[in-house]
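**Q** We have chain D already, so just place chain A on it with the hints.
These protein sequence lines map, in sequence, to chains D and A.
Okay, so the first sequence: first residue is 1 according to the working numbering, each after it adds one.
Okay, so the second sequence: first residue is 1001 according to the working numbering, each after it adds one.
Hints are supplied without guarantee of correctness; some may be wrong.
As the list claims (entries may be wrong) - Here are the simulated BS3-like pairs of lysine-lysine, each with C-alpha atoms no more than 25 Å apart in a straight line: (1) K178/D - K75/D; (2) K128/D - K109/D; (3) K1158/A - K105/D; (4) K1158/A - K128/D; (5) K54/D - K1082/A; (6) K105/D - K128/D; (7) K13/D - K1082/A; (8) K26/D - K199/D; (9) K63/D - K75/D; (10) K178/D - K217/D; (11) K54/D - K67/D; (12) K67/D - K1082/A; (13) K109/D - K26/D; (14) K199/D - K178/D; (15) K1158/A - K109/D; (16) K54/D - K13/D; (17) K13/D - K67/D; (18) K75/D - K26/D; (19) K105/D - K75/D; (20) K1077/A - K67/D; (21) K217/D - K26/D.
Hints listed in this document are in silico derivations from the structure and should not be mistaken for laboratory results.
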Amino acid sequence: MLQVENLTIGYGKTEVVHNISFHVQKGEIITILGANGAGKSTILNTIVGLHQAKDGSIRFQGKEISKARPDQLVKQGIRLVPEGRQIFPQHTVLENILLGAYIEKNANKIDSRLQSIFERFPRLEERKNQMGGTLSGGEQQMLAIARALMTDPTLLILDEPSLGLAPIIVGEVFDLLKQISSSGVTVLLVEQMANSALKISDRAYVLETGRIVLEGKGEEIRNNSDIAKAYLGSI
Amino acid sequence: MQEIVTALANGSIYALMALAIGIIYSTTQIINFAHGSVIMIGAMSSYWLLSFAQMNFITAMLLAVLINIVLSIVIYKVSVEKLGDLTNNSRWIVTLFGAGIIIDNTARILFGTEPKAYPYLFDGKVIPIFGSKIMVHEIMMILVAVVIGIVYQIVIQKTNFGRAVRAVSFRPDTSRLMGIRSNHIVLICFAISGAVAAISGALIAPITFASYTMTYSIGIKAFAAALIGGLGNTKGAFIGGISLGLIEEIANMVVPGGLKDAISFLIMIIVIIVLPGGILSAKLFNKGELNAEKV
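Pulled out of the complex, with its shape left as it was, chain D reads as follows (with noise of 0.2 Å):
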C-alpha cells in the first residue's frame, strides 16, 4: 500500500534521513522504533507532505505522492496524527472533529462519522461544548484520532501515540489502534515505548540516527534482548 524507496530528507544542508526504504502492506500494523532525533517524525512528516524529501520516492497505491500536498493526501486517504496530538486548544471538542472533516462537504457522511465516533469514543460525546484546551492528555490523544477517522482514512499513521500518557492510558490507545486496524485500516506508527507498540505490529522497523539498521516481525524484535538493548534502552 505504501511504499518508500531511498528515501533521503534534509534540513537545510543538514540530512537528517539517509537512503530509507521501506513498506507497508494493506491491513498491517508497522512500527517504526527509534530513541529521540533518529528521524522518525521527520519521515512522517514528509509522507504526509509537510515537508519535501531531498530524493527518493514515495508511493501509495502504487502512485507517486512525494510532491503532493497535505490535503490532496489527506483526500487519498492518508491522514497523520501529530505528534504531542496537537489538538485545537481554544476550539470545541466537536469543532476540533469537525476541522478534521474539513474536506467532506458531504453533510450525511459527517453526521454519520460524527455518530459513529461518538458511539467510540462516548467522553468526547459527553465534551463535545468543551474547548479542547480542557482535555485530560488521554482524552487529547482520543480527540487527535477521531478527529482523523472523520475522513475515513485507508492509512491511518500516527506519531508517538503514547508520548506524555498514563501507562494505563497507553494501553487504551494501543488497544484502540488495533480495533481501527482490524475495522480495515492500515496504521503506521512511530513509537518510543517499544514493548506496547510492538505487541500490536505485525512487523516493524528500527531506525538509528536516519537509517534503517533492522527489520522484522514484532514478536521477533520484542523478543530478541540484544536488539532491546542495543537500539531501544530497555523495553
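**A** This is chain A only, laid out in the frame that chain D set:
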C-alpha cells in the same frame, strides 16, 4: 453630544481599519504595512467612480471593494506568498512597505496631488438628536462598522471557513493535516481585509478629503487602533478604534490641532508598554477565562 458622536463615528472607522489589519495578522502573524495604501485606494477609486464615472454610491462602492480585493490579492501573491515560511524571516516588513510606497506613488500619478472633497452620504443631511445637530453620515459610519463587525464575528465563530481561519491562526501545520490549504485561507483573509479597507476608506474620506496622502493621514491610525485594542480579534479592534476616536476628540479640545496625532501615538506607546497585548489583554477583560495550553 456632537463631539461624542464624532468620536464614535471616527472610532468606528478606525475599528474597521484595525479589524482589517487583525484579519491578516490572525492567520499570518504579520502586520500588513501596505494596509494604509489599500485604504487610500479604496477612497480614491470610489471617489473617481462617483465623480467622473457618475455612478451611484452603491455601484461605486461595490466596484471599489472589487478593486481592493484584487489589489490585496496581488499584494499577497507578490509580497508575502513568495517569501515562504513567514515565521522564519522578517522580509515581509520591507516587501509590504515597498508595496505600499509603489501603490502611493502610482495613486499620486493617477489621481493627482490635489485633495478632493469627497461627498457625504445623504448629501451631508443633518438631523437633530437631543438638541445637537448630528450628520446622518456619521450615524452611517457607526452602523456600517457595527454591522461589519457583527457579520465578521458570526462568520469566524459559526462557519466552516471561520473554524478554519481560527485553526490556521493557531496551528498552521496541523491545519494542513486537516486538509485545510492554509495558503488559500490566508489569501481569502487578504481579500476580506481589502474589502473592509475600501469601505472604511470611503466612509472616512468625506471627513479627511480624498488624497493619496490618506495612507499616512488615516492609514497610520489603523495601526494605532489595532495595537491599542489588541491585535487579531474583533473586540480588540473595536475597543482600540473607539478609544482612539475618543482620545483624538479629547486631544482636539486640550492641545493645538497639529499635536493630535502625536498624542494618539504617545498613548499607543504607553498602552503597549503597560499592556503589551493591547487594552484587551488587561486582567479586567480576562476574568475566569481559561488559559488554554499552547504546546
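**Q** Of the numbered hints stated previously, which ones are contradicted by the structure, given in increasing order?
**A** none
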